[in-house]
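S.K.: The residues making up each chain are set out below.
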Amino acid sequence: MDATTVIAVICSAVVFVGWLVAPSSPKAVRLAAPAPVSEERQRVAVSA
Amino acid sequence: MKIDSGDTAWVLASAALVMLMTPALGFFYGGLVRRKNVLSTIMHSFFILCLISVQWVLWGYSLAFGPDHFGLIGGLDWIGLNNVGFTPNADYAPTIPHQAYMVFQMMFAVITPALISGAFAERQRFKAFVLFSLLWATFVYDPIAHWVWGAGGWLHTLGALDFAGGTVVHISSGVSALVAALVLGRRIGFGQGKFEPHDATMTVLGACLLWFGWFGFNAGSAVAAGGLATSAFVVTNTATAMAALTWMTVSWWHKRQPSVLGAAAGAVAGLVAITPASGFVNVMGSIVIGFGAGLFCYLAIQLRERIHVDDALDVWAVHGIGGTWGALATGLFATVAINSTAANGLFYGNPKQVLFQLAAIGASWAWAAIGTFVILKIVGVFVPLRVGEDEELVGLDISQHGEPAYAKDGEPAYANVGSL
Numbered sequence: 001m002d003a004t005t006v007i008a009v010i011c012s013a014v015v016f017v018g019w020l021v022a023p024s025s026p027k028a029v030r031l032a033a034p035a036p037v038s039e040e041r042q043r044v045a046v047s048a
Numbered sequence: 001m002k003i004d005s006g007d008t009a010w011v012l013a014s015a016a017l018v019m020l021m022t023p024a025l026g027f028f029y030g031g032l033v034r035r036k037n038v039l040s041t042i043m044h045s046f047f048i049l050c051l052i053s054v055q056w057v058l059w060g061y062s063l064a065f066g067p068d069h070f071g072l073i074g075g076l077d078w079i080g081l082n083n084v085g086f087t088p089n090a091d092y093a094p095t096i097p098h099q100a101y102m103v104f105q106m107m108f109a110v111i112t113p114a115l116i117s118g119a120f121a122e123r124q125r126f127k128a129f130v131l132f133s134l135l136w137a138t139f140v141y142d143p144i145a146h147w148v149w150g151a152g153g154w155l156h157t158l159g160a161l162d163f164a165g166g167t168v169v170h171i172s173s174g175v176s177a178l179v180a181a182l183v184l185g186r187r188i189g190f191g192q193g194k195f196e197p198h199d200a201t202m203t204v205l206g207a208c209l210l211w212f213g214w215f216g217f218n219a220g221s222a223v224a225a226g227g228l229a230t231s232a233f234v235v236t237n238t239a240t241a242m243a244a245l246t247w248m249t250v251s252w253w254h255k256r257q258p259s260v261l262g263a264a265a266g267a268v269a270g271l272v273a274i275t276p277a278s279g280f281v282n283v284m285g286s287i288v289i290g291f292g293a294g295l296f297c298y299l300a301i302q303l304r305e306r307i308h309v310d311d312a313l314d315v316w317a318v319h320g321i322g323g324t325w326g327a328l329a330t331g332l333f334a335t336v337a338i339n340s341t342a343a344n345g346l347f348y349g350n351p352k353q354v355l356f357q358l359a360a361i362g363a364s365w366a367w368a369a370i371g372t373f374v375i376l377k378i379v380g381v382f383v384p385l386r387v388g389e390d391e392e393l394v395g396l397d398i399s400q401h402g403e404p405a406y407a408k409d410g411e412p413a414y415a416n417v418g419s420l
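Chains as they are written, first to last, in this note's numbering: chain B, 1 to 48; chain R, 1 to 420.
Read the hints as simulated data drawn from the structure, not as lab findings.
A portion of the hints provided could be inaccurate.
The calculated lysine to any residue pairs, modelled on SDA-like cross-linking and capped at a C-alpha distance of 25 Å, are [said to hold, decoys possible]:
#: 1; chain 1: R; residue 1: Lys352; chain 2: B; residue 2: Ile7
#: 2; chain 1: R; residue 1: Lys255; chain 2: B; residue 2: Trp19
#: 3; chain 1: R; residue 1: Lys352; chain 2: B; residue 2: Val6
#: 4; chain 1: R; residue 1: Lys377; chain 2: R; residue 2: Leu182
#: 5; chain 1: R; residue 1: Lys255; chain 2: B; residue 2: Leu20
#: 6; chain 1: R; residue 1: Lys255; chain 2: B; residue 2: Ala13
FRET-style restraints, in silico, Cβ to Cβ [stated by the list, open to error]:
#: 7; chain 1: R; residue 1: Phe126; chain 2: B; residue 2: Thr5; range: 45 to 55 Å
#: 8; chain 1: R; residue 1: Val381; chain 2: B; residue 2: Ala32; range: 46 to 56 Å
#: 9; chain 1: R; residue 1: Phe126; chain 2: B; residue 2: Leu31; range: 38 to 48 Å
#: 10; chain 1: R; residue 1: Tyr406; chain 2: B; residue 2: Ala32; range: 21 to 31 Å
#: 11; chain 1: R; residue 1: Lys377; chain 2: B; residue 2: Ala13; range: 45 to 55 Å
#: 12; chain 1: R; residue 1: Phe190; chain 2: B; residue 2: Leu31; range: 27 to 37 Å
#: 13; chain 1: R; residue 1: Leu299; chain 2: B; residue 2: Thr5; range: 22 to 32 Å
#: 14; chain 1: B; residue 1: Thr5; chain 2: R; residue 2: Lys408; range: 51 to 61 Å
#: 15; chain 1: B; residue 1: Ala13; chain 2: R; residue 2: Pro67; range: 48 to 58 Å
#: 16; chain 1: R; residue 1: Leu355; chain 2: B; residue 2: Asp2; range: 16 to 26 Å
#: 17; chain 1: R; residue 1: Gln192; chain 2: B; residue 2: Asp2; range: 49 to 59 Å
Cβ atoms here follow ideal geometry from the backbone N, Cα and C, with glycine treated the same way.
Could you put the whole structure together from the sequences, leaning on the hints where they help?
M.R.: So, in structure tokens, the structure goes:
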């Protein structure tokens, strides 16, 4: 193996191994509270 | 000289592929700006496609590739495509019509000033942009293209290697972008909150189309359909993929999430970095170049944010730094096993090639920086470079072009004004 190949293998290994140590549970996500549903439906104008 | 039909077909198809890159860049940039500026951002790319197409046939090609004067500039012998016909030119491409080579190079001249437009997005006056682009293409792009690619150009004679435009296209545009961002100043509200991209899907689509067109950019630069074009095609794809993976991984560590826009930007950084090297390095070299592109360009963005320079769409970080890395890496990893007409790099026993590459990098940085500064100052004497404060707040789509990008049905065109 020449020097270029060795460096290429090291670079690839850094990236591939990097995924193992990357955060598996990123930023905490909170679901927004559902909007209240109106009991009464709005009247909608319907053309003939 | 006999015209080869296969070579001619490939170069013409490559010219069409490279042409597609400029509107693709418009979409890549267009997705990254706020919705009130998307149309003006796309217009920058579309307008330059038209402008440089005319400039190139009138005088641009002659200045860049015409008969040499002192290694610095081409003459006016080929103005209006005089003497540029269907007979091949032995200096540039001996198996295709001279006009095929000319139109292929035209598409490079088109996309280069379009790249700069990302730096002054969302605040440059359109009239100033028009004047700047024409002067920049003539006094910055054409001379650098002659130095590097022109027969008799001083960097070409020196032995600097640039297969498809690391210095000519990417360093020149990236450095000019940095200067333009500094001269124009920051956008209103810069640093007080993040300017969110208005449509990430548009940006990813633009990046994919750029990737597609880049096969013409790099593999087409072989100006022949053969082994060298195939090699350039393969290393282009490999470096791009590696850069996208690297950028995504680094941003994953840094920001705790794998960014989609980061992967797209990383792909573009890889395309930029492999450009000068694509006709000289093997596949293993392209992996290293892609890795470096993803890493260095990502770090350059962090630096740019720290020093509060408003290069709106990070042209300097991706094209300036990516192009510089690619040009330097060419001096490290070039091998005559890929291209027997070129030279070996440092890793193949020729350390002098690194010096030639540094000379090309330094000259391109200096000429682009000085030229851009002078041109902006001259244009600024006649036309204000920036739009007014109200025009910037309203958005350039309305203030410069009178058209919103996303008018809603049943609402007046100005309904979007002030929504951001």
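S.K.: For a C-alpha distance cap of 25 Å, please report whether lysine 377 of chain R and leucine 182 of chain R respect it.
M.R.: holds (12 Å)
S.K.: Compare the distance between the alpha carbons of lysine 352 of chain R and isoleucine 7 of chain B with 25 Å, and conclude whether the hinted pair is satisfied.
M.R.: holds (21 Å)
S.K.: Just to be sure I understand the hint, the distance between the Cβ atoms of threonine 5 of chain B and lysine 408 of chain R should be within 51 to 61 Å; is that true here?
M.R.: holds (57 Å)
S.K.: Given the hint of 38 to 48 Å, check if phenylalanine 126 of chain R and leucine 31 of chain B actually sit that far apart at their C-beta atoms.
M.R.: holds (44 Å)
S.K.: For lysine 377 of chain R and alanine 13 of chain B, compare the CB-CB distance with the range 45 to 55 Å and indicate the outcome.
M.R.: holds (49 Å)
S.K.: Is the distance from the Cβ of leucine 355 of chain R to the Cβ of aspartate 2 of chain B consistent with 16 to 26 Å?
M.R.: holds (22 Å)
S.K.: In this structure, is the beta-carbon distance linking alanine 13 of chain B and proline 67 of chain R contained in 48 to 58 Å?
M.R.: Roughly 51 Å apart at Cβ, these two residues keep to the hinted range, so it holds.
S.K.: Between the beta carbons of glutamine 192 of chain R and aspartate 2 of chain B, is the distance compatible with 49 to 59 Å?
M.R.: Given a distance of about 51 Å, which is inside 49 to 59 Å, the answer is holds.
S.K.: Per the hint of 46 to 56 Å, is the separation of the Cβ atoms of valine 381 of chain R and alanine 32 of chain B within bounds?
M.R.: holds (53 Å)
S.K.: Does valine 6 of chain B sit within 25 Å of lysine 352 of chain R, going by the straight-line distance between their CA atoms?
M.R.: holds (22 Å)
S.K.: Would you check the hint for lysine 255 of chain R and alanine 13 of chain B, treating anything up to 25 Å between C-alpha atoms as holding?
M.R.: Distance of about 21 Å is within 25 Å: holds.
S.K.: Return holds or violated for the Cβ distance of tyrosine 406 of chain R and alanine 32 of chain B against the range 21 to 31 Å.
M.R.: With Cβ atoms ~25 Å apart, the hint holds.
Checked against the numbered hints above, the structure breaks none of them.
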